[in-house]
Amino acid sequence: MALTTPASTGGRAARSITDGLTKRGSDLRGKLIEGVLVTALAATLLILFVLIVDLVQRSWPVWTDRGGDFLSSGLNSASAASAGVWSGIKGTITLGLIVCVIAFPLGIACAVYLEEYAGRTRFARLTRINVRNLAGVPSIVYGLLGLGIFVNTLGIGRNVLAAGLALSALVLPIVVITASEALRAVPVAIREGALGVGATQWETVRSHVLPAAAPGILTGTVLSLARAAGEAAPILLVGAATGLLRTGDQGFLDQLGGAFTAMPVVIFSYARQTGEQFREITAAASLVLLVLVLAMNTFAIWLRNRYDRKW
Amino acid sequence: MSSVSDTSAAPVEIAVAENAGQAQANGPNVFETRDLAVFYDDFRAVREVNLDIRQHEITAFIGPSGCGKSTVLRCFDRMNDLIDGARVEGTVSYHGVDLYGPDVDAVEVRRRIGMVFQKPNPFPKSIYDNLAFGPRLNGIKKKAQLDEIVEQSLHRAALWDEVKSRLKASAMGLSGGQQQRLCIARCIAVKPEVILMDEPCSALDPIATSRIEELMQEIKTDYTIIIVTHNMQQAARVSDRTAFFTTEVNPESDRRTGRLVEYNPTSKIFSNPDDERTEQYVTGRFG
Chain A
1 MALTTPASTG
11 GRAARSITDG
21 LTKRGSDLRG
31 KLIEGVLVTA
41 LAATLLILFV
51 LIVDLVQRSW
61 PVWTDRGGDF
71 LSSGLNSASA
81 ASAGVWSGIK
91 GTITLGLIVC
101 VIAFPLGIAC
111 AVYLEEYAGR
121 TRFARLTRIN
131 VRNLAGVPSI
141 VYGLLGLGIF
151 VNTLGIGRNV
161 LAAGLALSAL
171 VLPIVVITAS
181 EALRAVPVAI
191 REGALGVGAT
201 QWETVRSHVL
211 PAAAPGILTG
221 TVLSLARAAG
231 EAAPILLVGA
241 ATGLLRTGDQ
251 GFLDQLGGAF
261 TAMPVVIFSY
271 ARQTGEQFRE
281 ITAAASLVLL
291 VLVLAMNTFA
301 IWLRNRYDRK
311 W
Chain B
1 MSSVSDTSAA
11 PVEIAVAENA
21 GQAQANGPNV
31 FETRDLAVFY
41 DDFRAVREVN
51 LDIRQHEITA
61 FIGPSGCGKS
71 TVLRCFDRMN
81 DLIDGARVEG
91 TVSYHGVDLY
101 GPDVDAVEVR
111 RRIGMVFQKP
121 NPFPKSIYDN
131 LAFGPRLNGI
141 KKKAQLDEIV
151 EQSLHRAALW
161 DEVKSRLKAS
171 AMGLSGGQQQ
181 RLCIARCIAV
191 KPEVILMDEP
201 CSALDPIATS
211 RIEELMQEIK
221 TDYTIIIVTH
231 NMQQAARVSD
241 RTAFFTTEVN
251 PESDRRTGRL
261 VEYNPTSKIF
271 SNPDDERTEQ
281 YVTGRFG
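So the protein lines, in turn, are chains A and B.
Residue numbers are given in the numbering used here: position 117 of the first sequence equals residue 117, and the series is strictly consecutive.
Residue numbers are given in the numbering used here: position 175 of the second sequence equals residue 175, and the series is strictly consecutive.
I should point out that these hints are in silico values taken from the structure, not numbers from a laboratory.
Note that beta-carbon positions come from the ideal geometry of N, C-alpha and C, so glycine has one too.
Keep in mind that a hint or two might mislead.
Once the Cα atoms are required to be at most 25 Å apart in a straight line, the calculated SDA-like pairs of lysine to any residue come out as [to be verified]:
| # | chain 1 | residue 1 | chain 2 | residue 2 |
| --- | --- | --- | --- | --- |
| 1 | B | 168 | A | 187 |
| 2 | B | 191 | B | 96 |
| 3 | B | 119 | B | 28 |
| 4 | B | 268 | B | 255 |
| 5 | B | 164 | B | 152 |
| 6 | B | 142 | B | 126 |
| 7 | B | 141 | A | 187 |
| 8 | B | 125 | A | 306 |
| 9 | B | 141 | A | 306 |
| 10 | B | 191 | A | 306 |
| 11 | B | 125 | A | 25 |
Examples of chain B residues lying across from chain A (beta carbon under 8 Å, computed) [as the list claims (entries may be wrong)]:
| # | residue |
| --- | --- |
| 12 | 97 |
| 13 | 99 |
| 14 | 104 |
| 15 | 110 |
| 16 | 133 |
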């Protein structure tokens, strides 16, 4: 019997559309991939979580027993009772300031030249590639550079200034790269607008391009500062103190005299000692460095959100 | 009589002679281009452009995409300088001075010849600072003087009433049409002689477009305006003269190059053009 009345064909067509749009079984592969991705995220978060919990737990006795005294005492890897982190905090802050003063202006200036002035020349292209390569050079190499050039050749001495210069050299490529990317993200239309009313190139860069790129540049530079704060190898090579460094009435400027240290080196010194007490102290010092670095990162995020602009 | 190119002859000769059609009394020529060609690296984007732009007229550049009309426009304020590999041959003169002469400073050129871009591009700053930027470059520092320029420019761009209460607010908060009028005001604030407009209404709705068009009619007594537009009705509505560009295959390189086909009073272009290609384009049969 021929059942091909218009109504039935219409019904069949509708059914085939319904069939076509209905899910065919479950998407196993998709679910599997999603599962893998979630696991990866969970593992990452777990590592961070365990790290922080472990540090807090292990360092707990130090905070309850000594608290502020631990923060204000100097480096002393001989006596657990008087070991502290103040000289390390002081050194890390000083190093950070030196990096701010030297690496940031230099790096941002390089980026402005490469992005705004250099154009498409072979020289500019070569430089950009090499800056990327420099960012991948291991930090110990920058330590050797610091020792060879800043300490010996230039005769600065084994002090906080030489260490700060070595760290500046270390983060310089990172600053150049992040600042370049921030500058490149500024729309051409803004440059054209400024040039169109008769601004010179420098007036355009100063009044419009740099302010528009500032959030990105700031974020990149603060993150590179956090990287510098965590490096031990270069400053160890330059000569940071590892054994004993009392603070007493030593001021920030006394670090130029030669005796200085920084948080990663302090942690390194305490970690080499034996005994349960030093393990607690090591954990406490690590927590201090972690808080310092997290504070810098938070500051970077805050800066970016505060100055983020739309165009 | 305005004689225009023979379509087959190679160089497009344009001698805009007497007062033709509705074009106004002859002002002096602001720009004259002779055998202008623009290259992007080895690619010749546009060639053999010979144009005389009259003072206090609105000149429209029309033509299909890729015909080089924006490229030619950007020669008049040397904006092509910003594009790596861009190079100009032939001459573009401004009141008789070769704009590409060795002693000419592009910055000085752009102070006299303003530009309004396709996409409104206010600076991400306050409305006031958008307008004050140009005058400040010219050394105007007194607040009273700047205030006056800001107000006058906004009045001229028919934006004052809408923004007078929020001059310190960000320009990014304005609507697209307001932003474009702000860009025109910003351009006017440096008192240029010429305003170049590169498809100024292509990102705007019809109401905002008609406001910009009215504005152009109002300010043309003080300025010479060249507008690039994709919209033929717009060219017909606003302009005194129209230049029609098209692309053709360059026999030397086998690539498409932009060329000026016809340059005449707008009424003639749209009613009785000299060139067949112009007629095809304006009647919608091509392009």
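Do the hints match the structure? See the list:
Annotation: proposed proximity of residue 168 (chain B) to residue 187 (chain A) holds, straight-line Cα distance about 23 Å (limit 25 Å). With a C-alpha separation of about 20 Å, the suggested pair residue 191 (chain B) and residue 96 (chain B) falls inside the 25 Å cut-off, and the hint holds. As the CA atoms of residue 119 (chain B) and residue 28 (chain B) are separated by approximately 31 Å, the hinted pair breaks the 25 Å bound. The straight-line distance between the Cα atoms of residue 268 (chain B) and residue 255 (chain B) is roughly 31 Å, outside the 25 Å bound, and the hint therefore fails.
Taking the CA atoms of residue 164 (chain B) and residue 152 (chain B), the gap is near 11 Å; set against the 25 Å cutoff, the hint holds. Distance hint between residue 142 (chain B) and residue 126 (chain B) is fulfilled; the C-alpha atoms sit about 18 Å from each other, no more than 25 Å. Our distance criterion of 25 Å between C-alpha atoms is broken by residue 141 (chain B) and residue 187 (chain A), whose separation comes to about 28 Å. With a C-alpha separation of about 15 Å, the suggested pair residue 125 (chain B) and residue 306 (chain A) falls inside the 25 Å cut-off, and the hint holds.
The suggested pairing of residue 141 (chain B) with residue 306 (chain A) is violated, with an alpha-carbon distance near 29 Å, which exceeds 25 Å. Annotation: proposed proximity of residue 191 (chain B) to residue 306 (chain A) is violated, straight-line Cα distance about 36 Å (limit 25 Å). A C-alpha spacing of about 55 Å is found between residue 125 (chain B) and residue 25 (chain A), which places the hinted pair above 25 Å, so the restraint is violated. The criterion of a C-beta within 8 Å of any C-beta in chain A is not met by residue 97 (chain B), whose closest approach is roughly 17 Å, and the hint is violated.
For residue 99 (chain B), the shortest C-beta to C-beta distance to chain A is roughly 14 Å, which exceeds 8 Å, and the interface hint is violated. At its closest, the beta carbon of residue 104 (chain B) sits 14 Å from a beta carbon of chain A; the interface hint therefore is violated under the 8 Å criterion. A distance limit of 8 Å between C-beta atoms decides the matter here; for residue 110 (chain B) the minimum to chain A is near 5 Å, and the interface restraint holds. A hinted interface residue such as residue 133 (chain B) counts as satisfied when its beta carbon comes closer than 8 Å to some beta carbon of chain A; here the least separation is about 6 Å, so the hint holds.
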